[in-house]
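Residue numbers (our numbering), protein chains in the order written: chain A, 1 to 265; chain B, 1 to 392.
There could be a bad hint or two in this list.
What the hints assert, rightly or not - Example chain B residues on the side facing chain A (calculated, C-beta under 10 Å, incomplete):
hint, residue
1, K56
2, A64
3, F78
4, T86
5, P89
If you're looking for bench data, these hints aren't it; they were derived computationally from the structure. Think of the CB as a built atom: it goes at the ideal place given N, C-alpha and C, for glycine as much as any other residue.
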Amino acid sequence: MLEKLIKKNNVTIYGTSSKVMFFVHGYGCDQNMWRFITPHFKDSYKIVLIDLVGSGKSDENAYNYDKYNSLKGHADDIINICDALNLQDVCIVAHSVSAMIATLAAVKRPVLFKKIIMIGPSPRYINDADYFGGFSQKDIDELLETLDSNYLGWSSAMAPVIMGNLDRPELAAELEASFCQNNPEIATHFAKVTFLGDNRNDLKKLSTDTLIIQSKTDAIASIEVGQFVNNNISNSKLVVLETIGHCPHLSAPNKTIEAIKNYLM
Amino acid sequence: MDYKEFYNTFPSGFFSSLPNGTIIEANKNFLELTNYSREEVIGKKKFTDFLSLGGKIYFENVFAPALKLSGAIEEVNFNFTKKGGTKFPVLVNSVEIKDISGTHLYTHSVVFNIAQRKQYEQELLKSKKYANEISNRLTAVNKELRSRTKLISKQKLQLEEFNQHLENKNRQLSSFAHIASHNLRAPVSNLLVLKDFYKENTDLKDKAMLFSKVEIVIDRLNETLNELIESLKIQGNKNIMYNAVTFDTVFAKTLAILDIQILDSKAVVTSNFCEAPTIEYPKLYMESILLNLLSNSIRYRAPDRIAQIHFRTEIINNEIILIATDNGLGIDLKKYGHKLFGLNNTFHRHPDSKGVGLFMTKTQIEAVGGSVTVESEVDKGTTFKIILKKHK
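Construct the entire structure; sequences and hints are all you get.
Structure, rendered in structure tokens:
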């Protein structure tokens, strides 16, 4: 059972601490995106990394289109992994769409999670009445086209990086691995589920302590969206980083680490 | 070489940007491609300003993380927007330039216009989609064909079964015709002769004797007719009821029915059904088969020795076989083998012989799809082997 789960979500675990940090990557990436962050927490936390089913090195065959037609499918996977590994008081760090996956998991099983750290969350990308998500259906169609036309690019160009070289990240470039080499059909489906979804109502049901890390300039999840998330969670705190881009944990790892440490202290 | 000249005359677009995306240098080709003046771009525009919103999502979620993680990225297809709004497809390679301490200073990117190649690519994509569609349709047709083939094989199997059934029926009919022509004709011609005698004879005593003979023949004729009707019932029965039959139970019942005969004959009857103790079989047939075989063995026991009769089951090739062995009179199979299972064929000048049982037995066995064979030696004994049910 455990072995199957580990294969299904390509679960990586290291560290012996009883405190757990559970990292979930966002759309288009995999667990490699945490490699600037995790070395700074591995001494005081047990680190758990996963690839969402359909991403990275997860078991592609486990991608059931019905189950993953909603983010709930991924949330259930996270709950199952926590149960199977007997994890408690988990601090879950989730980027982008996974912030909503973590929200759904914590609403369903609040006792499992002690804290949620969201990086660049958005409960809805499409504009809706007086809500400004930043995108229209047409923009998402363009994204899908870009996905389509980069299918070939994905299979060869994305540079190789793998885990296991946390202390010497410069080695990573030499290693053969896949980054963002997702099955195009699954990537398209996951893009639709991610960018066409609406989880605004789920935020209100969340009672877990939450930190929102917001990049000052983020084309995907704007600062207004970050404030919306903060205003709709009962127990949350918003930290705006002086950074640009949707992945501050990659472009400004030190600022991100500092924000997380300040929050956890 | 004048590198500045080289940079500006290079036949594809170049630009350099800061970690925050702001473009700090661009070559002539890039400016021509995008239709902007140098002043409009340098220090003012970012990489993502040339992308549509959909392209930006891809840039932020896939392109930027990959570039950050590995320091370089190649052959990513974006649609760039020219001044004025026209779009054109490009391929982008980017590399991060860092100082010795690893701090990211700027990013160099090269931009290839692929408008013509893109058209070709789109045609290829279209063909690929079309091929996929055809492949899907073929798969569907194939599936349909397979399901039809399955149906046909099923129908074929049913036909074969039906054919088997017809063949059986045919055999039974021809056997029945044989019986009708021989076994009924004999007593009828007997009766005709007796009738003539009776008419011609005037002696009352003789007449009475002849009439008693007529009575005997009529009784036999009636018996034969009843048995024929009984066997027709078996043959005509299409919906045979199957039951869970325990050999030991049915055999005990048979022994009880033949209690007196067994006592009279002092026969030693034994059985062992361990190897196949039960079977799904019509219970009435099983009772009748065991009764016929056992009563035959008792009836045709050898008078000079104690009758030993043994019933057992075996499983051979997945089939349950019933084996009945005796040390009785035996039958000369060379002489009578072909007639063994006919109606009213008797092979012994024995007072009880009626030659009914084996015909019934065979009919019942075959009605369930089984078969029967016999091994025998005169004055040594007989063994009946019955394959109760053919395995399918």
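Note to self: Could you work out which of the previously given hints the structure breaks and list their numbers from low to high?
What the structure shows: 4
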